[in-house]
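Asker: The UniProt record's numbering puts the first residue of the sequence shown at 1, with every later residue one more than the last.
These are calculated hints, taken from the structure and not from any lab test. Here the structure is a predicted model, which means the values were calculated and not measured. One or more hints might be untrue.
Said to hold, decoys possible - Derived EDC-like pairs (lysine to aspartate or glutamate); straight-line CA-CA distance at most 20 Å:
#	residue 1	residue 2
1	K624	E643
2	K487	E636
3	K492	E279
4	K62	D101
5	K248	E202
6	K479	E202
7	K452	D538
8	K403	E279
9	K174	D224
10	K650	E636
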Amino acid sequence: MLDWLLSQFDTFDYFILVLLGIGLVFFHYRMNNTGTNYNAPKSTPVAPTRTERDTSFISKMKAEGRQVLIIYGSQTGTAEELSGRLAKDFHRYKQKATVLDPEEMEVDDLARLPEVDGILVILCMATYGEGDPTDNAQQLYEFIKNTEADLKGVRYAVFGLGNKTYEHYNEVGKVFDTRLEELGAERAYQLGLGDDDANLEEDFMRWREAFLPHVAQVYGWDLDLDAEAQRQYRLELLPADGPTTLFKGEYGRLGAFEKQRPPFDLKNPYLATIQENRELHTEKSDRSCRHISLELEGSRIRYETGDHVAIFPTNDTNLVEVVLERLDVDPEQAFRLINTDEDSSKRNPFPCPTTVRTAVTHYVDICSPLKSHVLKALSEACSDENEKERLKLLGTPSEEGLKEYAQYIARGRRSLVDVLRAFPSCRPSFDYLLELLPRLQARYYSIASSPKYVDAQIHVTAVVTEYDLTDEHDTRHIKGVCTNWLKTRAAKQTVPIFVRKSQMRLPYKPTTPVILIGPGTGFAPFRGFIQERQFHKDQGKEIGPLMLFFGCRDPEKDFIYRDELEKYKADNVVTDLNVAFSRIPNQPKVYVQHLMWEKREEIWAILSKDANVYVCGDARNMAKDVQACLLRIIREVGGLEEEAATKFFKDLERQRRYQADVWS
1 MLDWLLSQFD
11 TFDYFILVLL
21 GIGLVFFHYR
31 MNNTGTNYNA
41 PKSTPVAPTR
51 TERDTSFISK
61 MKAEGRQVLI
71 IYGSQTGTAE
81 ELSGRLAKDF
91 HRYKQKATVL
101 DPEEMEVDDL
111 ARLPEVDGIL
121 VILCMATYGE
131 GDPTDNAQQL
141 YEFIKNTEAD
151 LKGVRYAVFG
161 LGNKTYEHYN
171 EVGKVFDTRL
181 EELGAERAYQ
191 LGLGDDDANL
201 EEDFMRWREA
211 FLPHVAQVYG
221 WDLDLDAEAQ
231 RQYRLELLPA
241 DGPTTLFKGE
251 YGRLGAFEKQ
261 RPPFDLKNPY
271 LATIQENREL
281 HTEKSDRSCR
291 HISLELEGSR
301 IRYETGDHVA
311 IFPTNDTNLV
321 EVVLERLDVD
331 PEQAFRLINT
341 DEDSSKRNPF
351 PCPTTVRTAV
361 THYVDICSPL
371 KSHVLKALSE
381 ACSDENEKER
391 LKLLGTPSEE
401 GLKEYAQYIA
411 RGRRSLVDVL
421 RAFPSCRPSF
431 DYLLELLPRL
441 QARYYSIASS
451 PKYVDAQIHV
461 TAVVTEYDLT
471 DEHDTRHIKG
481 VCTNWLKTRA
491 AKQTVPIFVR
501 KSQMRLPYKP
511 TTPVILIGPG
521 TGFAPFRGFI
531 QERQFHKDQG
541 KEIGPLMLFF
551 GCRDPEKDFI
561 YRDELEKYKA
571 DNVVTDLNVA
581 FSRIPNQPKV
591 YVQHLMWEKR
601 EEIWAILSKD
611 ANVYVCGDAR
621 NMAKDVQACL
631 LRIIREVGGL
641 EEEAATKFFK
651 DLERQRRYQA
661 DVWS
């Protein structure tokens, strides 16, 4: 037996046995010669105590003698930009403001605000979706709602950014304003409410012009006229043939697009390869709607049906050239802009170092309506006196200036490119212009696919924004930055993306009835919902009724995904397909709410039990009309009085049985 056992070992096995033997001998020697009992309980040595360094923003403000703290909740960059402008305003009163992104702070530190003597806290808070905080402010929002911290001795002011087409207009700003007072803080100035559906810039300017002198008087700050001309960033030119590595369009890390590393987010987007980019409208349509399929293979990106994909666009090369031609600098000049406030957490206004061309192409917004402070700066760059006075007026917060701004800039949607064309003597310095312009932001789209149905892909459905706008001055061709850029991207090319979670979800049980209401590209998330129901059916599971109310203009022009929908109907995945057409020649306009009323009995039959309702699309008209129609069905078909019908609908919202993903 021993001979057989030894025959099973080779030379390597003997080598391992020898090593184990040596180890046992060493272990025995250590036990008997060091007096150590290796089976005895081990005690943890106590490290020498030392005072931990306090790196909170509270300690920094105290150490630097700062009184002003500005916190922003921003989804598209506007609140962040307004916060930066306010910080510059306070510099005119010889006050260094600390500007904070809530994601870069410990929210519990807010309870320590009274430690800063005479602190003034300004919150620029955007409301996103249906009364929700922005992604970067979610933790701060929950903290403020639930904390019992004592904030006596703190002064504050809130400016909210919202849109009146939404039901919960400026909800987040209102919550912050109310809760801070409840916690003992003193309101330094009245709540400001900006309406993006009207003229948010005018709302901000009116609030700012009254707010700043008021708090300056309260604190006894004097206006420093010399500080008006001081810059926030200093320019450093770099040699073209120098050793410095330049940003070429990346958003957070040099070389991030060459060496992709998860996780992928706002500061580290993933370069997704386009698998397909096709037209959804027919040749008879004078508009364009694109179906874009993006590859996720190997990215580790995960999403759920109903989530959003963010896409970072690139500015139109023709418009970039218009701007570059007006700047007195070589477009390939390498440079960096460095914050003059060395203690600021924001060292650069955008990824630096880079070239002028890259900055104008990838990092700054040259197509949105210009803000008043940019117009004021551009006026100083005009050699023609008439042009200088005109731009100065447009940037002045007087009644006349605000009226002219609303008419010429806001309603006329005049961008930097438009202003440069209209004011030919304006030749701004490139570094100051780049300092003032807002960042080019990612655009968000409802994902039009289900990860259970399509493998490692994200589908996007996007109408290309393009139209003419005429006023008494001229006619301009307006083009959406992202959709027109996407239209030009071919298969195998890449786009920077990341996924943002949504609150809109299908019921957990696939048998739960659902009512989907989404005209136009509002159908996008519902395509993913239908794909998910198809997946469950393919797995042999029972699926519940699915009523779809879709709308477009003309079946011969813009009935997107028509073949797919008709197949889903034939397969009984979509159990009730209703399509409204609003632009068929010589026929009355029919919208989704009209078809809903026609199907009111069927809707109430499942809504009164356990059906879930989903609405996606235009917030200004469609969503309100759909909600009004639902309330009418609840009253007239369900037989409920006005108050009871309203309560029934509110219960649907509270139970997440009525969910909306709308935009204006």
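Asker: Would you mind confirming whether the straight-line C-alpha gap from K62 to D101 stays at or under 20 Å?
Answerer: holds (19 Å)
Asker: Quick one, are K479 and E202 close enough, alpha carbons at most 20 Å?
Answerer: violated (24 Å)
Asker: For K487 and E636, compute the direct alpha-carbon distance and say whether it is at most 20 Å.
Answerer: violated (46 Å)
Asker: Need the status of pair K624, E643: alpha-carbon distance at most 20 Å?
Answerer: holds (18 Å)
Asker: For the pair we were handed, K403 and E279, check the Cα-Cα distance against 20 Å.
Answerer: violated (41 Å)
Asker: Compare the distance between the alpha carbons of K174 and D224 with 20 Å, and conclude whether the hinted pair is satisfied.
Answerer: violated (33 Å)
Asker: Do the alpha carbons of K650 and E636 lie within 20 Å of each other, as the hint requires?
Answerer: Given pair K650, E636 holds - Cα atoms ~17 Å apart, limit 20 Å.
Asker: Are the Cα atoms of K452 and D538 separated by 20 Å or less?
Answerer: Answer holds: K452 to D538 is near 11 Å, not above 20 Å.
Asker: Are the Cα positions of K492 and E279 separated by 20 Å at most?
Answerer: Within the cut-off at roughly 17 Å; holds.
Asker: Mind checking the alpha carbons of K248 and E202 for me, to see if they're no more than 20 Å apart?
Answerer: violated (35 Å)
Violation of the numbered hints given earlier is confined to hints 2, 5, 6, 8, 9; the remaining hints are satisfied by the structure.
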